[in-house]
Each structure stands twice: as structure tokens, then as C-alpha cells.
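K.L.:
One letter stands for each residue in the lines below.
There are 2 protein chains.
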Amino acid sequence: MEHNDHKLLTTSHQIIKVDENSCREIDDLVVRETALTVYVNSKEVATLVCSPWDQKFLAVGFLCAEGILKKRENLKTVELDGERGVVSIETTSDLDLTDSVILKRCITPSAGRSGTSVHFSADSALPQPVNSQLKIKVETALKLAADLQERSCLFQRTGGVHNAALAQGEEILIFQEDIGRHNTLDKIHGQCFLEGIPTDDKLIIFSGRVSSEILLKAARMGVPILISRSAPTDLAIKLAEDLQITVLGFVRGNRLSVYAHRERVIL
Amino acid sequence: MEHNDHKLLTTSHQIIKVDENSCREIDDLVVRETALTVYVNSKEVATLVCSPWDQKFLAVGFLCAEGILKKRENLKTVELDGERGVVSIETTSDLDLTDSVILKRCITPSAGRSGTSVHFSADSALPQPVNSQLKIKVETALKLAADLQERSCLFQRTGGVHNAALAQGEEILIFQEDIGRHNTLDKIHGQCFLEGIPTDDKLIIFSGRVSSEILLKAARMGVPILISRSAPTDLAIKLAEDLQITVLGFVRGNRLSVYAHRERVIL
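For the record, the sequence lines run as chains G and A. Per our numbering, numbering through the first sequence is continuous, rising by one, with the last residue being 267. Per our numbering, numbering through the second sequence is continuous, rising by one, with the last residue being 267.
In isolation and in its complexed conformation, chain G is listed as follows (with noise of 0.2 Å):
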């Protein structure tokens, strides 16, 4: 990450601000916000708004997230050309790029007005239940969620931007921000995939709500423990539940609560 280059993350903007005693012209920090269109085998297959770093990592943690590229040796050539907001990606042949599986959200709802009976509508996009011993206590989940808080530094600036973390036992190996929620999950995923880094045994920590989507993100990379600053939904949990992975939500401070799979917190 270039995060110490503060240009990248932020702009400056001019602006008006106004409170009770005073209506003053300044110069204020903006947080940037970019398109990244995605191409496989010259095929345009997605636009992501995002944060304007770590965009190869982005795009190929996208394509991962997806369930369209599954296998290291699958991927031949990244390149960003960061001027036209594109990043060209070259696979085997042997990869599904139907529109379908693209296009296709991996959850609909099948029968039940609860909504939380769910069916997945292409077994491609199915992600595998986690098979895993990993445990945590409680005193490493709440300084996880400290630290990832800590990090967070741009958020406080600017309001503006999502992070999430990849952690082995109390330490943080990975940590990324970005405006859009999923993005932090994406970037994670992509930097793990290229480099070689196993997540199947590792934790994601997270700033915000986690949806179904962001826990199928989760399942896509493996992950066993999944802990939240913030709650997740009726959904999320359910298919946390279904896919075995353990949920901790509103990790803050001196507490936090365990959504699914409490066999993995040791209490």
C-alpha cells in the first residue's frame, strides 16, 4: 500500500464551512474516489468504484470474490493503466466468463417470508463451508477491533472510507482501506492470491455492517472468524451458519457479541 502518500488517499477542496459564531472560506480534505473497470482476456466485466490504491489487487480479489478465478496458475498478466482507471487481466482460457456468472448475484431468496431461507443460483458461485480448528479468545477479538480502529486514521479525517484487516493471532498482517465496504474485503483477497498468502487459517476484522455479501466474501477466502465493529443481519448470519464461519459483532471496547459458530471463542 502507498498509504503514506497522503495525496493518493485525500484531495484538497475548497469549501465553506459554517458553524455557530463563524461562515469561513477553507481548504479542507476530501477523500478520492475513482472508476477501475476490469477486463479479462480483453472482455469488459465489471466498473468498481473505489479507493485509487492497490487497484490490481482490487481487481483480481474481485475476480476471486466471484468465484471466476480460482486457481494461482489460472492468472497470467495484471496490468494497471492507472490514467484510463482499467486494469487488464490475462488468464488461461479455461476460466468461466459467461455473462451469467457475472451478472448473477450469489444469493436469492427461495421459499419463507423470513427471507433468510436462501438458495445460491449458480453452484459455481457456491462457496465451500469452512472445515476449520481455529479458535480465539475474547481478549484477542477485542484487541483486533482496537487496533484495526487505531489504523483507521484516514475514516477520522475524512469521514469518508471502509477498513478491514487480515490478522494470524493478535497481530495484523494485512490492513486496508477504501471507500466501498466491499473493496477492504476485495484488496485483502486480491494481495492473498498474488502473493501466495494462505487465509484459511487466518481472521478478518472489519469496520462496518456486515451483509451477506460481505460474508460470502469472507467464506470465498476461507476464512473461519469473522469480527465486526458493527452488526451483522439476519442473512449474513444464516448463511454464516450454513458456510461455518463464526461472526462476532459490535467488538468494542470490553465487549462484543458472538452472532454464529460460538464453538470457535473461547469464553
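Take the hints with a grain of salt, since some may be wrong.
Copies of the same chain are indistinguishable here, so a pair counts whether it falls within one copy or spans any two.
[To be verified] Each computed DMTMM-like pair below joins lysine to aspartate or glutamate, with the alpha-carbon atoms no more than 25 Å apart:
| no. | residue 1 | residue 2 |
| --- | --- | --- |
| 1 | LYS71 | ASP147 |
| 2 | LYS135 | GLU73 |
| 3 | LYS143 | ASP81 |
| 4 | LYS71 | ASP201 |
| 5 | LYS43 | ASP27 |
| 6 | LYS137 | ASP81 |
| 7 | LYS17 | GLU90 |
| 8 | LYS71 | GLU20 |
| 9 | LYS143 | GLU25 |
| 10 | LYS56 | GLU263 |
| 11 | LYS56 | ASP201 |
| 12 | LYS43 | GLU241 |
| 13 | LYS137 | GLU195 |
| 14 | LYS17 | ASP242 |
| 15 | LYS135 | GLU79 |
| 16 | LYS137 | GLU83 |
| 17 | LYS70 | ASP242 |
| 18 | LYS70 | GLU150 |
| 19 | LYS17 | GLU79 |
| 20 | LYS143 | GLU90 |
It should be emphasised that the hints constitute simulated quantities derived from the structure, not laboratory data. In this text the structure is predicted, and so the values were computed from the model without any measurement.
Assemble the complex: chain G is given as a structure, and chain A must be docked to it using the hints.
P.N.:
Chain A in isolation, oriented as in the chain G frame:
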């Protein structure tokens, strides 16, 4: 809105709550999330992950925001099958429903490393600049933001939803909540479209960050003033300048910042 029926908004889930003194098994409220597949003239166009209420408004507003549905007379019927999570929309036959319109995000970056120079990938997707003489007092903006906050009781209970409102003068006319940021605006747009409520003489108040996508949704409604309790991105500011939309951010307590088209703000 069926907001009085709290069973629709949340569901009960057995969790383990841990704090420094105790570890208890309790029933807690969890925000609901469901998937809604939108069919137009029997063709599947999108699956939206959303909160399970006002789904007809959501589906119609989504099509309006995407620039697919433009005139009320083009819409014949809207049918919701809540059990299956499907909205079926019948339109007159002259809508452009090619994949390219649905698939393409409406922004792609053109030249410039800054990422703020944009063009629209399909001319049909380009909203018109907003031509309005509407003005707003600082006090009114502060009051509306406070009203939005006061109404957002669901967020306070579950930490799980975004909210948005349509206002005229100092009065909130329509209030919406959803787990999806964009859905709040789509639901408002859909309700106004279906009920023949003009939007180009009104204000939007929004709980979350103003990204390019949020700005474009406001532009598609022709709304001249967008008030947010959070921050806009640089790309949203650029679009706001081009599309002549006034953006107020960090509108909280007695403070606010004006990011674009200050001529509509009475300081």
C-alpha cells in the same frame, strides 16, 4: 411504509453477549436483509440486496435511477411476490433494456490521474444538470439533518441501516430506511414516481457518505440540494459541480460544510 410492524424490520436471534463482568445468552434484535430479483417484461435485470419493505418502490426507483424507466406512462404494472423475493414489472415495449444499459455503471474515468475527470459510458445514462432557483437557509439544513437523525430509531437499535428523506421547506415528506445505502434513495425515487410526486423542487437528506453513485441518484431525481450528515467524495463533488447540485456535508449539531453550488445556500 410498514414501519410500525417491527417484525418486518428486525428479527430476534439468540446471541452470546460478553462484557468485562459477564457472559450471557440473550435474544437480541438483528436487522433483516433479503434479496429482491427484478424482472422487466419477464427478463431478469438485477438482484438487489435490501431491507424487506417497500420493495415495489425499490424496484421502480432502481429502474428510474438507472435511466431505464423515464415516464410514468411507460409503466404498466408492478407485482411483488414477497414469498419468492421477486418484483415483476411490465412496461410498454419501447424501453431500452439491452444488457449494456443495465450492466454498465454510468461513470468511467477518462484522462487524468486525479480520477475526477469523468465521462458517461452511455449518453442515455447521463442525467441533465439541475436547473433550479431553490435556496436553503443554514438553520433549515441543520433542522432537517436533526430530524433525520431523530427518526432513525432502527439504526440506533441495531446499528444496521442507512436512511434518507425527501423534504420540502422544513418538512420531511418521505422517510426511508434500508440496509443498502443506495436503496434508501431508490425507494424514495420509486414512491415519488408511482405517486406522481415531483422531486425537482425538493431536498434530499441522507445519513451516509455521498459517493458518485448517491450523487447520480439525486441528479436523476432532479433534486437541487443534497444534505448529508457525512462526507462527500471528490468525484461526487465534481459531479455535483457539473450537474449543478448543491452539496452540504457534515451537517450535524450547529455545523455544516458547503461543498458545491453555494449559491443556493443562504449563509
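K.L.:
Decide, hint by hint, whether the structure agrees.
P.N.:
Status of the hints after comparison with the structure:
no.: 1; hint: LYS71 / ASP147; verdict: neither (32 Å within a copy, 51 Å between copies)
no.: 2; hint: LYS135 / GLU73; verdict: neither (31 Å within a copy, 59 Å between copies)
no.: 3; hint: LYS143 / ASP81; verdict: neither (38 Å within a copy, 45 Å between copies)
no.: 4; hint: LYS71 / ASP201; verdict: within (18 Å within a copy, 53 Å between copies)
no.: 5; hint: LYS43 / ASP27; verdict: neither (41 Å within a copy, 49 Å between copies)
no.: 6; hint: LYS137 / ASP81; verdict: neither (44 Å within a copy, 44 Å between copies)
no.: 7; hint: LYS17 / GLU90; verdict: neither (47 Å within a copy, 47 Å between copies)
no.: 8; hint: LYS71 / GLU20; verdict: neither (58 Å within a copy, 44 Å between copies)
no.: 9; hint: LYS143 / GLU25; verdict: between (40 Å within a copy, 22 Å between copies)
no.: 10; hint: LYS56 / GLU263; verdict: neither (36 Å within a copy, 41 Å between copies)
no.: 11; hint: LYS56 / ASP201; verdict: within (24 Å within a copy, 43 Å between copies)
no.: 12; hint: LYS43 / GLU241; verdict: neither (36 Å within a copy, 33 Å between copies)
no.: 13; hint: LYS137 / GLU195; verdict: neither (28 Å within a copy, 54 Å between copies)
no.: 14; hint: LYS17 / ASP242; verdict: between (49 Å within a copy, 21 Å between copies)
no.: 15; hint: LYS135 / GLU79; verdict: neither (38 Å within a copy, 47 Å between copies)
no.: 16; hint: LYS137 / GLU83; verdict: neither (46 Å within a copy, 40 Å between copies)
no.: 17; hint: LYS70 / ASP242; verdict: within (21 Å within a copy, 41 Å between copies)
no.: 18; hint: LYS70 / GLU150; verdict: neither (33 Å within a copy, 46 Å between copies)
no.: 19; hint: LYS17 / GLU79; verdict: neither (41 Å within a copy, 46 Å between copies)
no.: 20; hint: LYS143 / GLU90; verdict: neither (40 Å within a copy, 53 Å between copies)
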